[in-house]
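Please arrange chain B on chain A, whose structure you already have, making use of the hints.
Protein chains: 2
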Amino acid sequence: MCLAQCLSDPLLAGQSTVTSPLAELRAGIDQADDELVAVLARRIRLTAEVGALKSRHGLPLYVPEREAQLLAGRREKATAAGVDADLIEDILRRVMRESYSAQGTDFPAAGDCSRAVVVVGGGGALGRCLASFFRRSGYTVRILEKDDWGQAPTLLADAGLVLVAVPIEHTLAVIAKLPQLPDDCILADITSIKQAPLKAMLDVHGGPVLGLHPMFGPDIKSLAKQVVVVCAGRDAQRCQWLIDQFGIWGAVVREELPDRHDRAMEMIQAMRHFTSMVYGIFLQRENADLDELMRLSSPIYRLELAMVGRLFAQSPELYADIIMAADGLPALLDQYRSVLDGLLKRVRNHQRAELIEDFNQARDYFGELAPALLRESSELLRKAHDASSPLRAVDPGPGTTRKA
Amino acid sequence: MCLAQCLSDPLLAGQSTVTSPLAELRAGIDQADDELVAVLARRIRLTAEVGALKSRHGLPLYVPEREAQLLAGRREKATAAGVDADLIEDILRRVMRESYSAQGTDFPAAGDCSRAVVVVGGGGALGRCLASFFRRSGYTVRILEKDDWGQAPTLLADAGLVLVAVPIEHTLAVIAKLPQLPDDCILADITSIKQAPLKAMLDVHGGPVLGLHPMFGPDIKSLAKQVVVVCAGRDAQRCQWLIDQFGIWGAVVREELPDRHDRAMEMIQAMRHFTSMVYGIFLQRENADLDELMRLSSPIYRLELAMVGRLFAQSPELYADIIMAADGLPALLDQYRSVLDGLLKRVRNHQRAELIEDFNQARDYFGELAPALLRESSELLRKAHDASSPLRAVDPGPGTTRKA
Chain A
0 MCLAQCLSDP LLAGQSTVTS PLAELRAGID QADDELVAVL ARRIRLTAEV
50 GALKSRHGLP LYVPEREAQL LAGRREKATA AGVDADLIED ILRRVMRESY
100 SAQGTDFPAA GDCSRAVVVV GGGGALGRCL ASFFRRSGYT VRILEKDDWG
150 QAPTLLADAG LVLVAVPIEH TLAVIAKLPQ LPDDCILADI TSIKQAPLKA
200 MLDVHGGPVL GLHPMFGPDI KSLAKQVVVV CAGRDAQRCQ WLIDQFGIWG
250 AVVREELPDR HDRAMEMIQA MRHFTSMVYG IFLQRENADL DELMRLSSPI
300 YRLELAMVGR LFAQSPELYA DIIMAADGLP ALLDQYRSVL DGLLKRVRNH
350 QRAELIEDFN QARDYFGELA PALLRESSEL LRKAHDASSP LRAVDPGPGT
400 TRKA
Chain B
0 MCLAQCLSDP LLAGQSTVTS PLAELRAGID QADDELVAVL ARRIRLTAEV
50 GALKSRHGLP LYVPEREAQL LAGRREKATA AGVDADLIED ILRRVMRESY
100 SAQGTDFPAA GDCSRAVVVV GGGGALGRCL ASFFRRSGYT VRILEKDDWG
150 QAPTLLADAG LVLVAVPIEH TLAVIAKLPQ LPDDCILADI TSIKQAPLKA
200 MLDVHGGPVL GLHPMFGPDI KSLAKQVVVV CAGRDAQRCQ WLIDQFGIWG
250 AVVREELPDR HDRAMEMIQA MRHFTSMVYG IFLQRENADL DELMRLSSPI
300 YRLELAMVGR LFAQSPELYA DIIMAADGLP ALLDQYRSVL DGLLKRVRNH
350 QRAELIEDFN QARDYFGELA PALLRESSEL LRKAHDASSP LRAVDPGPGT
400 TRKA
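Top to bottom, those sequences are chains A and B.
The first sequence begins at 0 in numbering that gives the first Met the number 0 and counts up by one.
The second sequence begins at 0 in numbering that gives the first Met the number 0 and counts up by one.
What the hints contain is simulated information worked out from the structure, not anything from laboratory work.
Hints should not be assumed to be uniformly reliable.
[What the hints assert, rightly or not] Looking from chain B toward chain A, a few residues come up when the C-beta cut is under 10 Å (computed):
id, residue
1, P20
2, L295
3, D340
4, K382
[Stated by the list, open to error] The list that follows gives simulated cross-link-like pairs (lysine-lysine, BS3-like), each with its CA atoms no further than 30 Å apart:
id, chain 1, residue 1, chain 2, residue 2
5, B, K344, A, K76
6, B, K53, A, K344
7, B, K220, B, K53
8, B, K344, A, K344
9, B, K76, A, K76
Ideal Cβ positions, reconstructed from N, Cα and C, are used throughout, including at glycine.
Isolated chain A, as found in the complex (with noise of 0.2 Å):
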């Protein structure tokens, strides 16, 4: 229909023609959103209580294949009742979260809880948050920080696990300056690289040994899903408690061998940090208008710029430490510059059919994994656009000409 014929519609002539049945609509929408405020709440207090039950009874929080089975069932149920099977299956798994913080209260212990846990370097953020976890379990937590070295023995004399939890560049040192530990003792750390430190403390410490590597950061509520990697040391058998408390908190633990670890770590954390680091210093350089970019940009553009700027809102030192510490990483930048400037070549020579080219065997390389990371990615990208706020949308920056 034109606007010409829309113009001339008699249900236009007057507004309230139009703005009465809308009205009605609206009212229909409120009081639909009333009712899912209302069943949201009592989901989320019945969760609470399912949580509360499986704490008393040291039953894990999070059970995957009952997580999917009841996806699955949620699923079918939508679909029959005419709604997309993606929507209740993403607003579930949105619901779940908010009950997973929700029933963070009690976890049973896995280990002895007469026996102390010293985080060494427990002042830090993630330090912290893994400290509040072992009390919330019923542990006696106890904090070594850097004044308070003079009563180290006292401190450690009954402890059933040291937890290392300190600056990378300090825990080398602060590795070799612990005092002797119970033989039976756990001494683990969770610094982002795993070979130095678990020498380090196979070398001071005759007992138990076990590197970590929590794959988040301090600001989660729950460890529910939650990647840790662990690298064993030594005596697995009597480090088993601590990978089965991680399992009761709800976290997933791999295991791996601490160079693969850290191979693996140079190539994600440490390039992807000193790449986007690189990224963010030539925009400043350029002097690029972020303001311009960001009008300019669609979902995917912005959540580029997102992840490159993000970093500078987070400690440099941090940033700096992780990728001092990757020994590796001045090796593999070699090989990125050198493929920059191959591919760069072609650039400059028009070598279109040479860039294809590279591009397929990259293509071929990644294979099945490329299409699903494509797939997952605009899903999330999908989400990303859902939570763009309209306001902020419509925001006539300079130059913008929509009608109001």
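Same frame as chain A, now just chain B:
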């Protein structure tokens, strides 16, 4: 409570005492979810009726103020009911996406439907997508493909809009090939660069000319909130109906000068595609173990890998052409490379203080945007984490020892 205590808990002696209240609570959750599905089905039906009503009367589908107002009201009600305000907002935004897709039935036309819309290269994905929007608004849409040039003069004789939607490397040649258009016909293109196509269009056509860059892919179901960049060519007044048309479809129109647009696109689109391609080819040449990288990834590294991997599920030609068409790219990459070399030298020489200083300068440049981007991306990462498949998350990869 320790596990030892749990095991001696009389409640656990017979499982029934745990499972029975658990079963009861779960039945309550099932019931709540049934109601949730029912209320969602009703809400979607109601918004579809609103969409149909608006469409009949030419009212805009997407009214940012109404959406913001609605969300603010629901947040208040949720808080009053003890439900987290962000939870209800996330859910409603997800539901609204569904509603916008469902509402995409008939949009009124802002232009003259008696004049044809001719999409040159309408066989391509984005051309087809836009053609379908014009059709749904009542325009007669004609497609001019490679083999149709013989009939071009006939096809174009009564055109009110000619939209060039061919791959970027053919854009200029196709524009040059166009026969004489009606004087008042808009000539527009959707190429991702704007200076050269605009110049070419102004050369061949004396009437209204407009450069468009839709910042979305052909997989969208609704134009609601999607950004379209518009570069003025000639006769803004006679181009206005086309801009209005995008507004009726729900898009957000942002006007920009062609050179500023192209520079911004080089800075984000071309640079990010290029460096992502470099990273992907680097991983391939290092023969990195992708399964291992995925298995050890936190949500943020998984997303970093996804942003790279997704590239290789898409058209090599498209990316090669975007990169090759960016005239300023080689010079930008020289700058990028010199930043990379400078930082790499810092790393090699262990100049931690200098690296931190470089970081801090970029932090000052990003200013308030950095924490905003951190918040935005962290929330998105939480959503990615919600969506992580629980069965995939515990998939026992090589070396995993988690006890069942």
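Hint by hint, which ones does this structure get wrong, listed from lowest number up?
Hint check: 5, 6 fail, others pass.
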